[in-house]
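Go ahead and model the full structure; you've got the sequences and the hints to work with.
First to last, the protein sequences are chains A, B and C.
Under my numbering, think of the first position of the first sequence as 1, with each following residue one higher.
Under my numbering, think of the first position of the second sequence as 1001, with each following residue one higher.
Under my numbering, think of the first position of the third sequence as 2001, with each following residue one higher.
No wet-lab data here; the hints were simulated from the structure.
Glycine included, C-beta positions come from ideal geometry on N, C-alpha and C.
One or more of the hints may lead you astray.
[Stated by the list, open to error] Residues of chain B placed beyond 12 Å of chain C at every Cβ, according to the derived structure:
1) Ala1101
2) Val1137
3) Pro1183
4) Glu1232
[Stated by the list, open to error] Distance condition first, Cα-Cα at most 25 Å in a straight line; then the derived SDA-like pairs of lysine to any residue:
5) Lys2197/C to Val2406/C
6) Lys2047/C to Glu10/A
7) Lys2047/C to Asp130/A
8) Lys2197/C to Pro2678/C
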Amino acid sequence: MAEIPVVTAETVTVDVNGMTYEREVEARRLLIHFLRDDLDLTGSHVGCDTGNCGACSVIVDGILVKSCMLLAVQADGAKIETVEALAEEEQLSPLQQAFSDHHALQCGYCTPGMLMSATALLRENPRPSDEEIARAIQGNICRCTGYWNIFKAVKAASGQEVAE
Amino acid sequence: MLLSEVGYARPATLEQALGVLAHYPGARALAGGQTLINVMKARAAAPDVLVDLAGIPALKGIELGPDGTLELGPMITYTELIGSAEARARPILGQVCAQIADVQVRNKGTIGGNVCSSDPTNHLPPLLVALGAVFTVTGATGERAVPAEEFFLGVYMTAAGPGELLTKITVPAGRSDGFASVPIGVDGTCIVNAAATVNGGVRVALGCVAATPVVVEAPSTDPAAVRAAVREAALEPPSDVHASTDYRRHLAEVVAARAVEQAERGA
Amino acid sequence: MTEPTTVAEPIVVEEAETKRGYAGQSVPRKEDKRLVQGEGVFFDDVKRHNMGYVHFVRSPYAHAKLRSVDVSKALEHPGVLGTLTGDEVALLTDPFFQISSPPGAHLRDFCLAVGKARFVGEPVAAVVATTRETARDASELVEVDYEPLPALTDAREALVDDAPLLHDEAGTNLTWEGVYEWGDLDAAFAEADRVVKISELHFDRFNSTPLECNGALVEFNRGTGQWTIITNNQFPGFAAIMMGPAMRVGLDKLRFVTQDIGGGFGNKITSHPQLVACCLLARKLNRPVQWTEWRTDFHLSMSHGNERWFQDTEVAVKEDGTLLGFRTTALDDAGAWLRYEPLGGVIWAQVTPGMYRWRHIRLDFKQVTTNKAPVSPNRGYSRMQHLWFTERVIDIVAQELGLDPVEVRKRNYIRAEEMPYETPNGCVYDSGDYAKMLDLALELVGHGGLEEKRADAESRGKLLGVGIGSTLDSGTNNFGQSRLINPELQFSGNNEVATVKLDIFGEIVVTLGTTPQGQSHETTAAQVVADILGCSVDDVNVRAGHDSYWNSHAGFSGTYASQFAVTGLGAVKGATDMLAVEMKKLASVVLGCTPDDIELAEGFARMRENHEAALPFMALGAIINANNAGLPEDLDVTLNCRYVYRPPFQPPDVERKFGNLTLTYAAQVHVAVVEVDPETGVYEIVDYAAVDDCGKRINPQVVEGQVMGATAQAIGAATHETFTYDEDGNLLTPNFYDYHVPHALDMPPLKTGNIESPSPFTSMGTKGMGEGGGAGIHAVCAALQDALRPRGNPIVYDSSNPYHRVWELLSDPESSRQRVTVESR
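So, in structure tokens, the structure goes:
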């Protein structure tokens, strides 16, 4: 006899970017679809179906994760940060500004995930080396830039000098 | 990309988890989800219930015994293991975990998940076989200890059967270890990998060459001897888009020798 | 002809009262603010009340008869709103127009498989449901009775007697063939000292895998009969021409709306079959329908790059390395359908001689259908394959004759002083200095110290190699080249449209017909407008994306084929010049002078001789839009200007296959340095230089970004990216797990250089660029061949060189060498 409930749907409560949401959700719903389709937070993107591309990267309880490999129900009670949290009242963060300054985005589809990975890095390692930057975004695929300008942008955002 | 309907359980104790697993034959343990969720997206497997192990304290934790034995909870993430002071007692563990995929995967993926998915290209099965780890499997009837070499039964199949969970990984003391691989791109999926330890004897475990790790004992650390020992194992590796049977067989010799060389340097 | 300069200088004017121009400056992008905040609008971000989600049922067989498709169980599933099958489609629509002449003309291509499935992943039915998951679940209830047939997976087998036949209506797998011959081959081979013969080279199948896949949200308006297609299709002009006739509706019934697109690279041109299916469903179900193409769907079915075999190549060459000519057969594997093909059968001819001066060329182009995903344009479309072939030939000839590949190139490159240069088939290369670019690239990787680098690598047990990849980015197509494919076609020239208006409060608003996917059109358009109108880029509002409702498009509108800097910006310049003329006319009326007395500067229309007599833009806008009583009756000023840019093309000579096929020729020369581990075949790119020349650069940072992106994709294609099939027609790399694209840690160090050879044929001296012509593939192949020379001189014969292929070259160099023979005359 199972002592604990097994549910195919439940109500989850999440704090996303400082706002609390309560929604009924199927157990099978991926967190990325919950964010995009149920909460209308379309900044995080879907780029693959095997957890390889990182376009869905968000920060959950302070940890950088790919939200396509997490169920929404697993995030019940969690504090989630997405790209929509980075700017303050339309004022771009230094990291966002650095991405623009260094042309670290072209189509912009991988950018939200990149920014979250870079945010997670800089919180833990405020002055990363070039190699540490590359490692930090190893899980984020970009097809437009070749990554080189992204390395520069993150380096610049950390206040370090960038070789141009 | 989209999962079939599934039930979800959130046990707070090991007993509760085992209870659900026993009650639902199609239930599967959900560890980090970095493999299982993708398998479910592809609908290559469709468990009817997912038992989320994240809320069970007994499955986490790392303990270093006075004799240097490490007891690892299966729900430790790669990131946690890499950052663990205790785990540095056997440095190869953190070194290998740091080669797995990327930050996001390492933050959620667990060592238990790596081991229980028993994907032939995974890093930890050959590593733990080489190190002579012992897996504690717990079920309704109690606990049993399974040597790593006996734990892996096939692709996605392990000695932790229906209604059972891997609850501990015990790694003996030692330091002279090595790991070598040929990944597709840096930190990519392995085409071949090999783990070696030279703590008395030369023990190599090869990954990617069969459904489960293949153990090879070499008479010495001499690269030629290691390669000869691999050849004697008469491997029949799979052929796929990344490597033919012959190429994998050849690479297995090379990574075995390199893993032994690394192990020797650490000795 | 202006001298090419080594470094782009922004236009700086010394006088205090005149502003610096924006052209040539790396102006910050307007697109960035929304994109870095996650506020871009990609098609999947858009929601409509009651929308249904589409899931396509796809064939698991590479080749099979469809005996029946039964959707009844799916329809019973809770949440399912409706379905679409091939039988319905065959009644509701006509087959898509075929570009090809017969036999390709006879293909009957619908938006779902009708009667037969011809590749794994081909859509055979569609299910629409209230949620994404339900549509996916219900699709498993669709029962399709397949009768599997033998599959054809190797183009080289397509023409053997018992080869599986894909299209009965064509009667053959050889759906298009063309023979191209210019110069005097017999004379060239008679004059040759040596003839180098290469039995077979292979350009592999891959594509650019934009991170966002295809998709759409389609609404149908029953009252007007119009569909609104919110999508990321990057060539709405082409989509409309394909969809309208098939759906038996006028093109104005198809409104295409795009805003932000997550990469295109050509792979979002042929989504029209799925768009038709969505249109039919939106009409049938009377609700908006949404289709998201998943990664696996994309890999299985969408826009593979042309796979091409170069067979029986013969090269006529002099002892000193002067190349006289070549002949070859290009066998093109088009996959199961011809959707943009067979245009690839002529588009390569834009760069017939590559960057080289040989005049005697024959190419037999044979395109065949196979049971694989249909090919359609992929970054570098068809030129890349040909340029790779050309570069392979150069390197193989150099190696076999014992010549330095640098010297062979310099001996044979078209020279700067020969520009504009007419190629053997009448294309005109506008400008360029290839030898100078090569020198710059070699310098950037320290080519002078090559031997030390080689020795150092050897001391670490590695083989070092250096390779050159030179390539052309031909841009702004003359669609008249389609007549070389099919003389019946009524397409020629090219166009792009822009509108610029000055609104009531002085706002400048620009609309484009293009569909940018990261190419910074909003920014560069604003730069051009600001320079002409004498205002700030911040004053110029460029609407994001494309919307048919703006009526700012023409038959060829879209973003593809390396042309925006010429066509799009040409349209912007044309419209802005018109607006400037009108502004001056109006200002002259108000200020009581002649239009020639007026200048536009610092946001004003003012008298040149008296800056106090000035009207702000707002004044002009207000007069025309709201306060126009008392203006002269004959004053022809609207302040809302639309311009259709038209490049100066003639229809080509179909008989001789002769004529100018593209307006501009940007160039790139890359040098790659690799280190190979001879024990494993694993290799690393340890240094890399990319030098580009795209004429006048409006925004250097944008140009460099394109060069970098193309380089990264080429590196991916050269190393691990491949769409490889097994013999049953299953794609072995259907997702990013198996199809390994470069990640951050895979990137080599990159050095870049630039020269500017303005084009004499464009209004601003710009050349289209962006595709990059696969230079990285050519360079890596060459570097590998150089690295492996000490191990038996194997020949790199495939564009794709994952570790296993390098291993094969190391283990058995003789096998690859058997492809090459050298005859002395």
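These are the hints, each one checked on the structure:
In this structure Ala1101/B is not separated from chain C by more than 12 Å, as the shortest Cβ-Cβ distance comes to only about 10 Å. With a least beta-carbon separation of about 29 Å from chain C, Val1137/B lies farther than 12 Å from that chain, consistent with its non-interface assignment. In this structure Pro1183/B is not separated from chain C by more than 12 Å, as the shortest Cβ-Cβ distance comes to only about 9 Å. The claim that Glu1232/B is not at the interface with chain C holds, since no C-beta of that chain comes within 12 Å of its own (minimum 20 Å).
Note on Lys2197/C and Val2406/C: the hinted pairing holds, with a Cα-Cα distance of about 21 Å set against a maximum of 25 Å. Of the pairs offered as hints, the one joining Lys2047/C and Glu10/A holds, with about 24 Å between alpha carbons and a cut-off of 25 Å not exceeded. Simply put, Lys2047/C and Asp130/A have alpha-carbon atoms about 40 Å apart, too far for the 25 Å limit, and the pair is violated. Straight-line distance between C-alpha atoms of Lys2197/C and Pro2678/C comes to about 28 Å, which puts the hinted pair past the 25 Å bound.
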